[in-house]
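A.B. asks: Assemble chain B onto chain A, guided by the hints.
Going down the list, the sequences are from chains A and B.
Numbers 572 to 768, taken from the working numbering, label the letters of the first sequence in order.
Numbers 3 to 138, taken from the working numbering, label the letters of the second sequence in order.
These are calculated hints, taken from the structure and not from any lab test.
Heads up, some of the hints might be wrong.
On the chain A side, residues computed to face chain B include the following (Cβ under 8 Å) [said to hold, decoys possible]: (1) Phe-659; (2) Ile-660; (3) Pro-742; (4) Lys-745; (5) Met-746; (6) Met-749.
Chain B side only, calculated, beta carbon under 10 Å to chain A, not exhaustive [stated by the list, open to error]: (7) Val-16; (8) Ile-19; (9) Leu-22; (10) Phe-32; (11) Pro-33; (12) Ala-37; (13) Asp-42; (14) Ser-47; (15) Asp-48; (16) Thr-51; (17) Phe-69; (18) Glu-71; (19) Tyr-73; (20) Gly-79; (21) Asn-81.
Beta carbons are placed, not taken as given, at the ideal position from N, Cα and C, and that holds for glycine.
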Amino acid sequence: MKVILFMLSFFLLGFQPSSGVQTTWVVEAGSSLVIDGSSNVNTFSCVVKKYLNCDTLRMFPEGRTRRLQFKQCTIHIDVGQIDCRHRFITSDLRKTLRYPEVEYMKIHFISLDDPFPVTASKRIRGVVDIELAGRTKRIDLWFDVSHQASGRLLHLSGQKELLFSDFKLEPPKKMAGMIKINDELKVNVDLFFRRSA
Amino acid sequence: MKKAIIAGLTAGVVLLILSLLLFFLQVRYFPELAALYWSDMFRWSDASTDWMFYMHPFVVSFALKWFWERYKDVFSGSNILRAFEVSLVYGVVAMVPVLWMTYSAMNLSLIMVLTWLVYGILQAFVAGIIFSWLNP
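Chain B with its partners taken away, still in its complex shape:
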């Protein structure tokens, strides 16, 4: 249990750093893409909800940790290969259907939704590497 919590927290911290880094890179190198967030679709930033934004890596991390503990025996091979498989499963099972519905129902650009898909898969890949390293 202790190992699982440590792994979840570790992955959460790493994913938080990853999310900040990716957002920084997006603002730096793809500002026109970042400018798409100036939309009524996105909440006006304030303290009442900002904390939820910064907690999301931990939510993802512990959800993936639960998934990893339950199905890690299904994934074989090197750590990177196992992490890659986990990320693909997560992307296909969890993200594609939700993003499909999101794009169909909300006035968002396709490129933005695709970046979320890539971001989610990348998050799962990084978390998978950490889990396969800490809790193989």
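Just chain A, with the same shape it has in the complex:
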């Protein structure tokens, strides 16, 4: 059910793994953002059909903590491209997120624990600012890390539960509140990075 989020050409990610060797990583097609939610009568799953704006992600190691810091690293997700596979829930969700007045949901990457060396059960913490409907919340996002294709692909998979109310948003309601979308949302992020030459 994942839809390609970052259909971008080059999403340069320059960072230094523990080895100290400068490498460049590119976000692969297949990276995705899925938002799962529910109402008091059904569940829904929203994907982003198309990733329009992609900024360059640049990471560099912060010496003492080995945490990777980002600079100028914002992913813009076009709220108009969110698709919940239910026409009216999609339109109500976009309206809740104040689209088209606020066109983008933004994810600002702040820092990430060093993913190297990759081990089977490794989990790393990322810090991101999520900007929704013009309001920003800083959250910790835990990623499972895995290597694929002989170390050329790095997969970061994270989940986070958010609340509409975290962003001072009121979930959509119908019939005087008798039918309503629940406050909780689960955001699933899957990022695939390919080691570039």
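C.D. replies: This is chain B only, laid out in the frame that chain A set:
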């Protein structure tokens, strides 16, 4: 007059409870039916109109009360039978034509419109029982 107002208010309160109960049961046991309300046909819920939704049992109640006072002598038999007749008259005269037009003009499912018909008849039946009990 006082008796009529008390009867109208009593029926309104009971109908409000009935509407909340039926909606709760619909959400609980027929969620796919309740999900049909996720449609542009239905207003985005906000305080400016929500109060009208919760007032509707009182509108129905006082309308039926007026009807009851005017035609109660036409209905004979036990309270339940009189209430049943009132509800059928209300359903056939007031609801069927309006719902017929609603279904023909708006993009709504037939099952949803039929639930409204049943709901309206049930409301009239409950109000009829209260009126025949309080103002026979």
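A.B. asks: Indicate, hint by hint, whether the structure satisfies it.
C.D. replies: Status of each hint after checking the structure:
no.	hint	in the structure
1	Phe-659	holds (4 Å)
2	Ile-660	holds (6 Å)
3	Pro-742	violated (10 Å)
4	Lys-745	holds (5 Å)
5	Met-746	holds (5 Å)
6	Met-749	holds (5 Å)
7	Val-16	violated (18 Å)
8	Ile-19	violated (14 Å)
9	Leu-22	holds (8 Å)
10	Phe-32	holds (9 Å)
11	Pro-33	holds (4 Å)
12	Ala-37	holds (5 Å)
13	Asp-42	holds (6 Å)
14	Ser-47	holds (4 Å)
15	Asp-48	holds (8 Å)
16	Thr-51	holds (8 Å)
17	Phe-69	violated (26 Å)
18	Glu-71	violated (30 Å)
19	Tyr-73	violated (32 Å)
20	Gly-79	violated (36 Å)
21	Asn-81	violated (31 Å)
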